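We have chain A; now place chain B onto it with these hints.
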Amino acid sequence: MAQDYDADVIVVGSGAVGSNAAYELAKQGKSVIILEAGPSVPRWKILMNFRNSGRHYDRNDAYPNNPWAPTSYQPGYIQNTGSFDMMPGMLKLVGGTTWHWGGATWRYIPNDFKLKSLYGKGRDWPLEYDDIEPYYTRAEYELGIAGSDTDDQSGTHAGQAYPPRSKPYPITAEAYAVNGQKLNDTLVPQGYSMCIEPTVRIHKPWDGRPACQGNNNCDQVCPIGTLYNGSIHADKAVRAGAQLIPEAVVHKIETGEGNKIIAVRYLTPEGAEHRLTAKYFVLAAHSFETAKLMMMNDIGNSSDMVGRNMMDHIGISMGFLCEDTQWAGRGPVQQATIMNWRDGAFRSEHSANKTSMANNNPQIDLAKSAIDDGLMGAELDERILDQSRRYMYLYSFFEQLPDPKNRLEPNPEWKDSLGLPGMKIHFDVDDYVKAGAVKCREMYRDIAQKMNPKVEGGEILYINDWENHDHLMGTMIMGADASDSVVNHEGRSFDHENLFIASVGVIPAAGVVNPTLTAVALAIRSADIIAKEV
Amino acid sequence: MDTSPPDHRGAMDRPTRRLFLMGTAAMLASGALISRPLPAIAQTADSMAIAELVTGKTIDPALAKRAVDAITVTQPDYPQALSRLASFATEQGITDVETLKTADGFDGELKNTAKTLISALYLGYAGTPVAHTSDDGVQFVTYTQALTYRLTEPYTPIPSYSRQGTGYWAHLPEAG
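So the protein lines, in turn, are chains A and B.
Position 55 of the first sequence, counting from 1, maps to 55 under the UniProt record's numbering, and the rest follow consecutively.
Position 30 of the second sequence, counting from 1, maps to 30 under the UniProt record's numbering, and the rest follow consecutively.
Extracted from the complex, chain A is given alone in its bound form:
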């Protein structure tokens, strides 16, 4: 008698990556269950939470932080032991952490897949750009991305559209904000390579989402649903027949014959346990949570690489004043991008970087600085207005190399309300990144001078070192060799043939671009493979 299953495929996690996998499978006629640790929350509630909180600097603050599904900022939940405080802004609700993000949806370039072969550093991917290109295209159309079909995004192919694409972007690039245009017009004639960031913040309606109104709130919550987040594909998956179970905290994974995964167990907020079976399983519960879950259950970890090789685009940033009026904070939160250091022979010596202008409203921070300096009355208002008028902020990502010593582990010394462990993380910024940051600071000083040529050295307000950017790669690292990798090029576990990982955590070479689009493309690719086998 054929075995009965609760579903063809169970997807753990309803973020952008998991929901896209679930939707592709449901669309191809498979029965799918999505399990999400957090609740489903309507946008208006999140927006009201945001506007009624004084803690706008905490981008998790407007979102649920439940005792059974804590965010990353719950005190004690993530404990760091390394020299860098790895504290990403992780959310737990239907749609996942893309509820707050800048919306950047870059492709890697072909050389990013061959870092070891070309530059002798880190790892190669077990696949090449051409293998993933069709899935990049599918992901771009699913997410609805606005981008330029003529820009060189590599910094090394001046005058060409690069990387190669099989289809144009679904939506044209948005217009530069005044400050981005000024940066472009100043730097490009002086040898800088710039392009506009491809984004899910769309300036034309797409797939039921309205055109961006420039509300400048992407990093907290988009008030009108322009900015893509994972809940869009969670909803689509449900419409295609998937069952979505929120507030279901998966804590156990069972194996059976042939070391296949046979079931997962989840807990409700009250602690009731439920067991679900399926033919295939996709873990897409955030790269930290997925690694923790796998280690809690000793799943997929014959290589001892689960939770290791942690990479983020650890960054630096600079705030400075331009000569001309810019009024940062009008419209898109990020857009203009400098790619001079994205690729080249220097990658054998030091990290690449991607440097972008962020356009978040700076006024609270500028006012705080002025008040801290003791300004009052007319002087205070004059300082705020002058700096707000001329302020510009640049931030940079670096390519951390995979190092097994940078890792997370379950932390049984901290438990949530269900008795499940927190996380312990050890992370150090590597010398490759530190050397790359030296070059980046030189570039910062050059840009500050060029944007304010009449003041010797420009007007740099600050340069910050080592910032989180929440691009948490490597924790379920992809590779060609089962002895040093967790999944193969399909996203399939080397240890369990019916287990797939859909996450930025599979990315084995970080490059310098935001990895969400790549993870969604890989998830769609995995879903196609699963659909053929189920």
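Check each hint, because a few of them may be wrong.
As the list claims (entries may be wrong) - Below 27 Å or equal to it, Euclidean Cα-Cα: the simulated DSS-like pairs (lysine-lysine) are:
no., chain 1, residue 1, chain 2, residue 2
1, A, K27, A, K167
2, A, K368, B, K65
3, B, K57, A, K368
As the list claims (entries may be wrong) - Beta-carbon label-pair distances, calculated as ranges:
no., chain 1, residue 1, chain 2, residue 2, range
4, A, E442, B, A170, 53 to 59 Å
5, A, D207, B, G167, 38 to 44 Å
6, B, H171, A, K167, 41 to 47 Å
7, A, E497, B, T144, 51 to 57 Å
8, A, A345, B, A131, 34 to 40 Å
Think of the hints as simulated: they come from the structure by calculation, not from any bench.
Everything numeric in this text was worked out from a predicted model, so none of it was measured.
Yeah, the Cβ is synthetic: ideal placement off N, Cα and C, and Gly gets one too.
For chain B alone, coordinates are given in the frame of chain A:
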């Protein structure tokens, strides 16, 4: 661009009577064996008076009260510190922030007390933010009424609703 600060104040001596009352309360409190919060009704009016003094702007009394209440959550002895500031202003006959900030003796605790209130009114929160934790005790005061946003609103939308339409960002604001 005109960068002179807006002055929405009416009569410049408006805070005087309230500051006097608040200063009197402080002097009375200073003679008491134990400190205690000022009466709530007096606090509302006095909060507005001193908020107007330290900012040089007209302040909604409800906003001023929220600011002082929020600060008091983070600093329980703040009402007494505020009374000492009011008393100082009364004794010196100071009725505007430009005089206050250069007055002899306006330093140390008095200046910090003023900065704390200015901060709450300009930034919309009271307390000290701590990165990467959900629990730093910061208190909500206001969002759209934050004086920083009121100051820059002709140029930059308050994040969450711009109401200026798609593509407005490609041009400088008409205000300058």
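Against the structure, the hints come out as follows:
no., hint, verdict
1, K27/A / K167/A, "holds, 22 Å"
2, K368/A / K65/B, "holds, 21 Å"
3, K57/B / K368/A, "holds, 18 Å"
4, E442/A / A170/B: 53 to 59 Å, "violated, 31 Å"
5, D207/A / G167/B: 38 to 44 Å, "violated, 20 Å"
6, H171/B / K167/A: 41 to 47 Å, "violated, 32 Å"
7, E497/A / T144/B: 51 to 57 Å, "holds, 56 Å"
8, A345/A / A131/B: 34 to 40 Å, "holds, 37 Å"
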